[in-house]
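There are 2 protein chains.
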Amino acid sequence: MKLITVGTVAFDSIATPFESREKVIGGAATYISMAAAYLNGECGVVSVVGDDFPTAFMNELKSRGVDLAGLQIKEGEKSFHWSGKYHMDMNSRDTLATDLNVLATFEPNLPENYRDAEYVMLGNLVPAVQIAVLNQMNKRPKLVVLDTMNFWMDVAREDLDKVFGMVDVVTINDEEARQYTGERSLKKAAAKILTLGPKALIIKKGEHGALLFSQDEVFFAPAMLLDDVVDPTGAGDSFAGGFIGYLAKMNDTSFTAMKKAIVTGSAMASFTCEDFGPDALLKVTEEQLNARVNVFGDMVRV
Amino acid sequence: MKLITVGTVAFDSIATPFESREKVIGGAATYISMAAAYLNGECGVVSVVGDDFPTAFMNELKSRGVDLAGLQIKEGEKSFHWSGKYHMDMNSRDTLATDLNVLATFEPNLPENYRDAEYVMLGNLVPAVQIAVLNQMNKRPKLVVLDTMNFWMDVAREDLDKVFGMVDVVTINDEEARQYTGERSLKKAAAKILTLGPKALIIKKGEHGALLFSQDEVFFAPAMLLDDVVDPTGAGDSFAGGFIGYLAKMNDTSFTAMKKAIVTGSAMASFTCEDFGPDALLKVTEEQLNARVNVFGDMVRV
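From first to last, the protein sequence lines stand for chains A and B.
Just so you know, the first sequence maps onto residues 1 to 302 in my numbering.
Just so you know, the second sequence maps onto residues 1 to 302 in my numbering.
Since the hints were made in silico from the structure, they are not lab data.
One or more of the hints may lead you astray.
For chains that are exact copies, the list does not tell them apart, and a pair is met inside one copy or across any two.
Said to hold, decoys possible - Pairs of lysine to aspartate or glutamate residues, derived as EDC-like cross-links and limited to a Cα-Cα distance of at most 16 angstroms, are as follows:
id : residue 1 : residue 2
1  : K188      : E75
2  : K260      : D298
3  : K139      : D227
4  : K85       : E175
5  : K188      : D227
6  : K192      : D227
Quantities reported herein were computed from a predicted structural model and do not represent experimental measurements.
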């Protein structure tokens, strides 16, 4: 398996100012693997669900190249459930409930054919699990990308610092980059994070696009302008999946390839925002994806 | 006079989370004319001050190509004074005081040689004064650019709608575009504003860059990444001045020219943020400006 991801596979209950939905299919690894397999052809998932997770959706994922050999199914237990409410701006949200369920005792156990993966996406999860996944690899992967969030900065800072030192690329949102470093300037925040080990940093700004930093280069990709944002849940994960899926497909980890990967990830994220849960992402055709990638180029061309 | 602007020439008292300054030189027309004259060589100013406005600074402006024949000086009266406080994010602020002083009774009276201007920048001001300036022109200028703000939406909506129908380009910030149109999506907000008459709309997003819309095209320019934002006051006006100054210099009002003009305006705005008041803008060299314009191209090149 060339590309694997670890992250949640879960249910989300989502309230936007316009509509609410209960127990939509969600989870970081769900969105990452869908977007990544779309580009790369396959993506292995390391995660856990209860026996309440729908078999039909697992079959849907499998039919799209998502390998579920690394997905543990716990009989008699419930899947992870997140509940959140978006503000009027649809760019910020409050978490209403986090029911860990099966995730409380999750210990990843990588199938043998995952342990030689060259591309590893560590989706947002407790840093100790992200570290455990890396420790099970037979050799250092070609590229490890880490996504994280402010919650882990508060409750697992030491592990988080440690995993930052074990990866090649970190993706984080702008406010979290500021919080993590204590720097208001994103330029200074990026420089600080890059001293921890990663060779590249992606700062996600939601509807304001994304920045890619290396030690001496910076690249900016705007976000797609949408008629309507229906539900941004999973946009960051679709972005990450599109990013690593593109790099795995091209088998290229250069800064230049990362620029194109960010544009591809941004296009993936824009589709996810157009409906609740993974519904919009499930319907994307190759023509639609290519057309959207081209729009990004047109938007910034002087 | 090829290029003129109307707007405030004023004093600002500015508090940031890090430092405060009393009675710094400010005003929309001050920043606009400085940035515009920098590019175009000259810019006429239609405004009013009291006898408290420093002669030395007026001479400094004149030495830089800013023509003050349209600046009324009211003996025994005080200049307009704005006082504001920036939030921790340095991207939003509260107005603490607005002392209109000479501005309360301001009636613009354009010098004869301003009335044939081809490029007119209507800086943020009561819409009735912006209209009065346009009504004094001998012929329809080649390009009229309007800047405005939410305050006028609340207190002078009718005049504001009217002046929107008299101009070629509107510049407005993202939250104001949403407020003005009632649309959350900037794409939809832009489409609505363009139905009012302007052929182009610039939506300013501060540290998140700027969008340029026409009926069928969209362009995005990121904001410069700065080590430190010292004081963003005047950034939007420096942007507008750089925008119209570039177009006047090139004598080109095409969409393609506007793209380059936005990048130039963004560079001007970035300098303004690096010190209080117009101090940083006063020190910019041509080499620095060109270098910064090039950074924008590098940032978005895939």
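Do the hints match the structure? See the list:
{"no.": "1", "hint": "K188 with E75", "result": "neither (48 angstroms within a copy, 48 angstroms between copies)"}
{"no.": "2", "hint": "K260 with D298", "result": "both (14 angstroms within a copy, 14 angstroms between copies)"}
{"no.": "3", "hint": "K139 with D227", "result": "neither (45 angstroms within a copy, 39 angstroms between copies)"}
{"no.": "4", "hint": "K85 with E175", "result": "neither (18 angstroms within a copy, 21 angstroms between copies)"}
{"no.": "5", "hint": "K188 with D227", "result": "between (34 angstroms within a copy, 6 angstroms between copies)"}
{"no.": "6", "hint": "K192 with D227", "result": "between (37 angstroms within a copy, 12 angstroms between copies)"}
Hint compliance for this structure: hints 1, 3, 4 are broken, all remaining hints hold.
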